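For reference, the chains in residue letters:
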Amino acid sequence: SQQGEEDPQALSIQEGENATMNCSYKTSINNLQWYRQNSGRGLVHLILIRSNEREKHSGRLRVTLDTSKKSSSLLITASRAADTASYFCATDARAGANNLFFGTGTRLTVIP
Amino acid sequence: GAGVSQSPSNKVTEKGKDVELRCDPISGHTALYWYRQSLGQGLEFLIYFQGNSAPDKSGLPSDRFSAERTGGSVSTLTIQRTQQEDSAVYLCASSPEVAKRNEQFFGPGTRLTVL
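Taken in sequence, the protein lines are chains X and F. Numbered as in my numbering, the first sequence ends at 660 without a single skipped number. Numbered as in my numbering, the second sequence ends at 755 without a single skipped number.
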């Protein structure tokens, strides 16, 4: 399967702390995306990192990509209670499939 | 501007009945996806539409599942003779072009419960 795997499956932190989530995948990719999902409903795109990029920032988000290890990490700095959600990585494939492949997600709980 | 909308938001049906789920993508988006998400799981790809090309149906789990996209806009996912294992949240997403290289915009989903 080309599906990504996130770890940890669940993460609980205090407000103000940093949260780090990891994603591993199996095949070569063009890009990797991170999405957020509240309450098991629609997903919201957070950030896209291309295979020739190693790090990308967006506000309190920092994403790294290591294509040699087929892994990515999402760092949320200075977490807030409103960051409580599930976070998914999604990868495409260099050739073949038209769709994104989503991991199983990390459930983040930020305690006020 | 309006995002992706889906209807109904919730659907409860009896085993063996047919259901239709609707997706209205963002106007002008040529790529449309259907995904299924079981409780506590990631998203499972079902079907992909891109413009006037033949759809990619490689993710449909059985021949009870089918989807149409009329006029390159609205899409309907039909599940015939529903089974309890079909219970899930069905998510639709659209994208301006080749979606896997770009951001996908998701609807709120339809939560299907098969009794």
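These are computed hints drawn from the structure, not numbers from a lab. A few of these clues could be false.
[To be verified] Part of the chain X face toward chain F, derived, beta carbon under 7 Å:
id	residue
1	His593
2	Ile597
3	Asn646
4	Phe650
5	Gly651
6	Thr652
Source: prediction; values computed, not measured. Just so it is clear, CB atoms sit at the ideal spot from N, CA and C, and this is done for glycine as well.
query = Which of the stated hints cannot be reconciled with the structure, identified by number in ascending sequence?
reply = 2
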